[in-house]
Structures are given as structure tokens and as C-alpha cells.
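Start from the sequences and build out the full structure, keeping to the hints where you can.
Protein chains: 2
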Amino acid sequence: MPTNRNSNTLILKRLGIDTQWEYYIYMQANCHICRSEGFESLTRVQVTFQDKTIIATLNVLGSDLLNNKQASLSESAWKALGVKEGDKIAIAHLHPVESMSLVRSKIYGKRLNESDMSAIIKDITLGHYSGVQMAAFITTCSGDNMDVHEIAALTKAMVNIGQKLKWKKKMIVDKHCVGGLPGNRTTPIVVSIVAAAGLTIPKTSSRAITSPAGTADVMETMTNVSLTLKDIKRVVNQEGGCMVWGGAVQLSPADDLLIKIEKALDFDGEGLMIASVLSKKAAAGSTHVVIDIPVGETAKVRTLVDAHKLKYYFTVVGQVIGLEVEVIITDGIQPVGNGIGPVPEALDVLAVLKGDKNRPKDLEDRAILIAGAILELANEVSIGQGKFAAQQLLQSGSAYEKFLAICQVQGGFKTPKLSPIVHQIYSEKAGILRTIDNRRLAMIAKLSGAPSDLGAGLILHKKMGDKIKKGEALFTIYTDTQGELNYTLKYLAQQSDILTIT
Amino acid sequence: MPTNRNSNTLILKRLGIDTQWEYYIYMQANCHICRSEGFESLTRVQVTFQDKTIIATLNVLGSDLLNNKQASLSESAWKALGVKEGDKIAIAHLHPVESMSLVRSKIYGKRLNESDMSAIIKDITLGHYSGVQMAAFITTCSGDNMDVHEIAALTKAMVNIGQKLKWKKKMIVDKHCVGGLPGNRTTPIVVSIVAAAGLTIPKTSSRAITSPAGTADVMETMTNVSLTLKDIKRVVNQEGGCMVWGGAVQLSPADDLLIKIEKALDFDGEGLMIASVLSKKAAAGSTHVVIDIPVGETAKVRTLVDAHKLKYYFTVVGQVIGLEVEVIITDGIQPVGNGIGPVPEALDVLAVLKGDKNRPKDLEDRAILIAGAILELANEVSIGQGKFAAQQLLQSGSAYEKFLAICQVQGGFKTPKLSPIVHQIYSEKAGILRTIDNRRLAMIAKLSGAPSDLGAGLILHKKMGDKIKKGEALFTIYTDTQGELNYTLKYLAQQSDILTIT
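From first to last, the protein sequence lines stand for chains A and B. Plus 3 on top of the position in the first sequence (first one is 1) and you've got the numbering used here. Plus 3 on top of the position in the second sequence (first one is 1) and you've got the numbering used here.
No wet-lab data here; the hints were simulated from the structure. Certain hints may be false.
Repeated chains share a single entry, so a pair holds when one copy, or any two copies, can fit it.
Below, in silico cross-link-like pairs of lysine to any residue (SDA-like), each with a Cα-Cα straight-line distance of 25 Å or less [unchecked claim]:
hint	residue 1	residue 2
1	Lys466	Gln498
2	Lys493	Gln49
3	Lys266	Cys37
4	Lys420	His35
5	Lys312	Arg114
6	Lys465	Tyr429
7	Lys87	Leu68
8	Lys87	Ile58
9	Lys113	Lys312
10	Lys87	Ser66
11	Lys432	His35
12	Lys465	Pro99
13	Lys364	Ile331
14	Lys125	Tyr494
15	Lys357	Lys420
16	Lys72	Asn489
17	Lys82	Glu404
18	Lys493	Arg443
19	Lys417	Arg114
20	Lys82	His98
21	Lys493	Gly130
22	Lys263	Gly65
23	Lys364	Ile332
24	Lys113	Gly146
25	Lys312	Ile57
If you're wondering where the values come from, they're calculated on a predicted model, not measured in any experiment.
Encoded structure:
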């Protein structure tokens, strides 16, 4: 708090600068606050309006965009404080972020306990950490550098800081797939089957972190996914399930911030991933959770050894926070379904739900496997009967009906639309399709504009083992702009063997 | 490179936004480049003007500060590209930074070899790494997480990317003190003694990383420290020594960028520190280097075990890159000299050089110890005679004369001036001064404005073991502004036992 509140106030003028989630404040170099407080560019300061306070990074202006009694805020900061032009904001020194000393001690080998993790997660949630500070925390918690106690402590800290959902039913089920397998969009199908079976599955999903599409991105092409807690409750109470974006309800607000930095770094450590997944399940009120870990050379998890380690972590951390967790390890050698990107994957989901003749069977099989595991874990059917029961609910059309009903109460169903610029990639030789590099295929979908352009991405026309003729179409790229298509094709021209044909 | 250069150009308008070392570009949300390339805020893009290219982070403007044919750059980016209003810049997609995959593999336990380190350091030097990416590299290389081969590889990579100084003489000496001990400003004294002895010591120093003053900050209060390579050569050829800021000559440009992030994180790992120190010595053309490691509970290096590990690393890495390194481990229990902050420390240096009656004897003793070690390492005197020879050069006034001569050719000597706002801290009790917390004392000096306000900081009036009367002055705080004094005093009021008196 400033010593003298009035001496530290400036009048807001809107400059309309979009810095996304990073809060910035703009002040004149020779305004009285910069001079009296010794502020310079990149200083992190406390900005207060009425009862709200945020932490923002200072950019100093040498020009006359502002006079020396004015300040401006970046668009996200403007929104977070709920201000309008002419409002008076107070600016004060930021106290040193004390929990950063815990991050430093972790880098130097100390284990972090529950109270350490709570202090860090609290400061991150309050916006006290800058991007580079969050990057240091993420890095030191990545690469198998957290033991199971630390992961559990981090998970608990994340659960405790956010909102928690309460339900009338005792048993609440959920599922999660450890990402990295393009097109593996089982969630909408599984939720529809499980809810059609009468179970309660309040599914919150994330947007893509390092992949071309997250489930929330895919669902957004078909319905509204940004629901309030109140609306989620209404949807789940009415239909038994929902398919919404978790970020909108701040079930794990620290995690939402960390994920943005993980995205910029293009990596997320396994401990962070487990904490991220299980904290959101616990906060959503789940009691029984099935985790699917696809394993393959170019999937996120590459070996069975890694998969079993994750299974161990998920199970133990689940126990610590009171979740019944069942982990299934599946084949992750090739993409699931035909599409990669929000709309391409949504089209696959709809094909399976509708039972289209050309539906991707691999996606259907996976969805049935997972839905079956949930039905068994929840004692809805006896062991060994899950897959059969799930299949029945899908084939009968009950699951598709349930899907449309959920979309309806979430805000209405809309048909997903591919991006307008279309480019086909043809095979330069004949032979058998031997391998598919999931990572580079995901890169192509990302370069084409996915996930931020919902219609962008690609649709594969062949599966591993298929016979390919020379000149036959291998996949089709969809982009919103010619610039993105050019850039994607340039990358593609530099690559060899994304699909190996011999 | 853009596919069509003309379609990717915008006209520059200056907005005067200071974002320090981070390059930003500002564009209208609905300009043709944002639309055709799919750019959004925080996208990192290539910006080209004539033959120069930089990487900048995009901030999108929703207001009318720019029209849709205009762009603006932050002040540092404006300067780096050497542009003026009305110039036409080209904007293109940034290729993914490939060496980040090496950083990721390091986080997952892979050792980095010389070619890995070279790739990373090259990308950092070119500005391809964002702040969060550099933070990830720094974090994974901190906390004893690099072995001696990796430290050597990093050091070599840093040496190879920058400029290298060549000298006519065969033997070039240098010294470095591993920081963390407030006030330990031996460098100007050591350089003066050693140059007075006829040796060549082209000393480049850094600015403060996490401390209240670096040697370059201290020297800047007395002379010009931002010299070009050509001027450094002139000074050293004429006087045998110099005392300049290394950052100005880009002897290790990647290191200069890394240090900025280390400053924001408030930590630097030991491997990074060794690479930073030795790469600068090698680039400066040194052959014989004395490293001083002060050890104490509240110094940077806390235990003898840590000091000996550093000694091992310094010696071995020195051998790998062809440097003769002599490490001396010294007592780092209390601050050296009386001042903490650029000007307060400069006043101590001058008092020792002039032989003032009230000069800080501890600073003098340390300077003689180090200068003596250099004289012996360089075979200027026989083993055991170094300290005596150094003392003679100081007492005779030769060192002070040399100091003034060097300042003169660097740009002239000026008298350092303390900040105008003065506040004394008195003892609340009587007794013996038992301990001094160096870390928190450094924090007080930093809160008072050091090192960016050169005159800010504090002057201690007592040493450990001194008898203190109640109400006697313990130290004096100097600040440029009342705001900084208030903030410093507020911090001080929350602390106990920075000086323990019993």
C-alpha cells in the first residue's frame, strides 16, 4: 500500500493495447509516480482500483500518448480491474514475491512440501509471478524432477485454491486421456455413452497446450463451452453430463496460468501434468476417474516404462486426494480418427456418434473401451461387460441423442465448418504406408492455424498398413489464410518421411 | 522470409513505448498482415529493415493509435533496427526455435555437448529466445544440474560467439570475485596495483545481477565505463589496465542477455556463473586469472564445501579453455568496506587508494591479498612475496596515480556523489555487534534504489565485534526519492536482527 494514497494515483486513458494474459501498465516517463517511486520499464507494480488489485508490468512512454497525470492499462488488465476511461487508479511498489525463494530452493535440490506448494500456487493465482518466474517453476518441476509426495502436494495446493463443485449424487465419474495423440477425441463420445447409461459425468476439458486441438477446442466448434458454474450444474443435473471448457470456471486457476507458459515453452512436465489433471477432477467433484495413456514412439508417452510410471503416479496421487483412479494403457502408434484440428476432429466425433458408414473405427473402438472401463469402475455393469454395454448405447443411438441433448442445454448445437482454403498432399510413390510421425503431423496442423483457427488442420485419408498408389491423396490441409498455407507447405517441403511408404 | 515481400510491409510510426531489452512490435488488429498471417498478440515475429532482422513480440492494437498500414516498435527495437518514422519494415513468421528441443531434452536428463550448447547460445545471441524460454534454459542449468563437461561446453560456446580481444603481450592477467559480499569492491584497487607493477590487466566487469552494485556500476560513478573495443585497446596499451563494463563491448553477448533474466529471477546457477566469468576472461584475451571466493553464512557461497566445488569447476573449465586459473578462498562473514551501493563503495575505493586515515582496512587487506596472488601467478615476484610487493605499490601512491591515469584515458575522473535524501539508523540497545546479515543488508541497499540510482545505498558505521552504545548510529541510508526511503524503512521495520547486538 502506498504511504500516501492520493500521491500515487493517475487517471486512466484507454490505448487499446492487447498483451493477452500479461497485465501491462503504461505511464509517462516523467510522471510524478515514476519519479518519486523510482519506477522504470519492466518494474512490476501493484495497481489498485476500488477493492481490486492486480500486478502489472510497467512500460514507460517517452512520447505524448499520455500526459503526466495519466496512465493506461493493457486490455486484459483493463478488464480484470473493471475500469473505464477517467477512473483513478493507485499504483504502489510490489513486495518481493516471497515464495520465489521456495522455487530457488527447489532448483537447488530441496523437496517442496504441501505448505511450500500452497504458497507458490497462491502467489501464482494472485498474479504475483511474472512469466519468467513461472517458467522457472515449471522447468524445475519438469523432467521427473518431482517425487510422488511433491506431485501430491502440488495437486492438493491446486485443488484448494480454486472453486469446488458439489453434487447431489454420491458417485461422480470422469475420464482423461494423456494427450499427444493427434485426433484422439474420445471425450464427447464417452461422455455421451456414460451419461446415456445414467451416470453423472461433469466433464471439463482444457484447450490445447502443445497440441493442435484440445477437447474444449473441438467442442467449441459444435456448441458453447464457456459456461458458468451455475450453468454447468444446470446442464449436468438435467442431462447427467456436460462437455465444457474448464478454464472458464476457474476450477484450477493457477493451472490455467501455468498452462499458458507451458504453451509458450512447448513442454509440460509429467508431475505438472498429473497435478493439472487430477486437481481439475477433484475440483469438479469426481470420485471415480479412468485415465487413458496411449503409448507410441511419436505419442506423448513413448514407452511402456514411462506409461507404467505415470500409472503409478496417477494411482498414488489419486489416493492421496481421495480419488479412485483406474489407468488403462493403450496403443498410440498412429493418429486416432482421420482429422487433426478442432473442426476435423469434430467431424470424426459426429461420424462415430451417428454411426456413419465411413466413421473412423479406431476412434469408435477407443471410445467404447474407455466408456466400458468407466461403466465397470462405477459398478454399473459387472467386470468384463463394460465394452458390450457401451457398444449397445452407441449403436442404439442413445449416445447420439444424449450428445445432442447436452449440446442443446449448453447453448445449442451447430454444425462444424472446415476452413475455406483447401490443399491436398499426394503420394510421390507407391507402396505400403509403414509409419506416421504424429509429432510432425501435429506441427503441420498447428502451422495451418489450429487450434486458434477452429476450422484449420488436416484430414488424413490413409491409415498405417494401407496400400498407396503413386499420386493418391494422403491428406488434405485446411487453412483460413493463404499466408498460413504457404508457411505450412514451406515447412512440409523441408521434411521427409512424415509418412513412410515402402 | 515472406513469400511476397511487398505484401508483408508496414510503415513505421513512433509511439515511444519503452520495454527495455525486450523487443515489441505494435500492429493494428485488422491490418492485412495480422489477418493474412494469422498473427495475434504475443506471437513472436521476424522484423526486417534493409539488411537487419530482429525477433519481436507482437502486441495488437484495438484502438486508432495506428492505422492498418502502420506499425510501431518499442524503443529498444527501434534502436536495434536503426529505423526512423516512415521507414518500411517487413514482417514474417518466425521459424520454430529448433535449439529449444535441446533445452527440453536437458530438462529430461540429457547432457548437452559442445554442439548443443553452441546451437542454444547462437539462438539466444540472435534474440530467438523469448524471456520464458531463456528462463527455462537458466533454470535447467542451475542448482548443480550441469556436470563439468557441460559447463566447459557452455563456456566454449559463449567464448566462440562473441568478439575476442588480441594483445601484443604474451601474458595477460585478470581477477574475478564470486559476488554476494556487499561492498567487496577490490577490483579498482587490484587493477591499479597490478598495472602499476607493469602487468597487463584488461579488466571488464559486469553490472549488478542480484546485488546492489557491480564493479561496472561502482566505476561508472567515477569515470566512463562504456568503451568500444578500440578505446579499450587504446587505454590498455597506454596504461596497462582498464576498468570497463563488459556488456558494452559484447565480449559475451549471450551472457549479457541471460544475466537480464537471471536478474528478473533473482538467481544464477553456479555452472552459468562459471561459464559467464571464464567466457568473459577468455574473450578478453586473458591467460592468467585469480578467482576470489569469499565464504560465509550470508555470502553467495555459504560453505567451504561449496567453495571447493567451485574451485574444482573453475580450475578444470579453465584448463579446457586454456586459462591458468588460481582460486583463493577467503573469509566472507561480513561486508567488506563501509559502503553498499555504487557511490558508497566508490568512496571506500578512493579512501584505500589515497591511504586516508579512516580507510576501510578490510578492503585494503583483501585487495593486497588478490593483487599479491596475481603478481605471484604471473611470476612477477617469487612465491610468498606478492603481498609485500602489492602493499608497496599501494603505499607509495603508485597505485592511486595509476587509477587516476586509467580513469583519465577512459574519459576523465569525476568525484562520486551520494544521493541527497539521508536517513540514519540508530541502535536500540547497547552491546557487542555479533552478526551482520549480508543478504538483508543488500536488500535494503537495493530497496533504496541501488544500483540504478548510483548515489543510493548505505554506509555502515560499525564492524562485527564493535562495542555499540544505545542510540549510536549503525548505518546511514541514502536515496534519491522520498518514496524509496519510505519503502526501505517499511521493509526495515518488518525485519529483526539484520545486525545482532548482545
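Q | Earlier hints that do not hold, by number | A | 11, 12, 17, 19, 25
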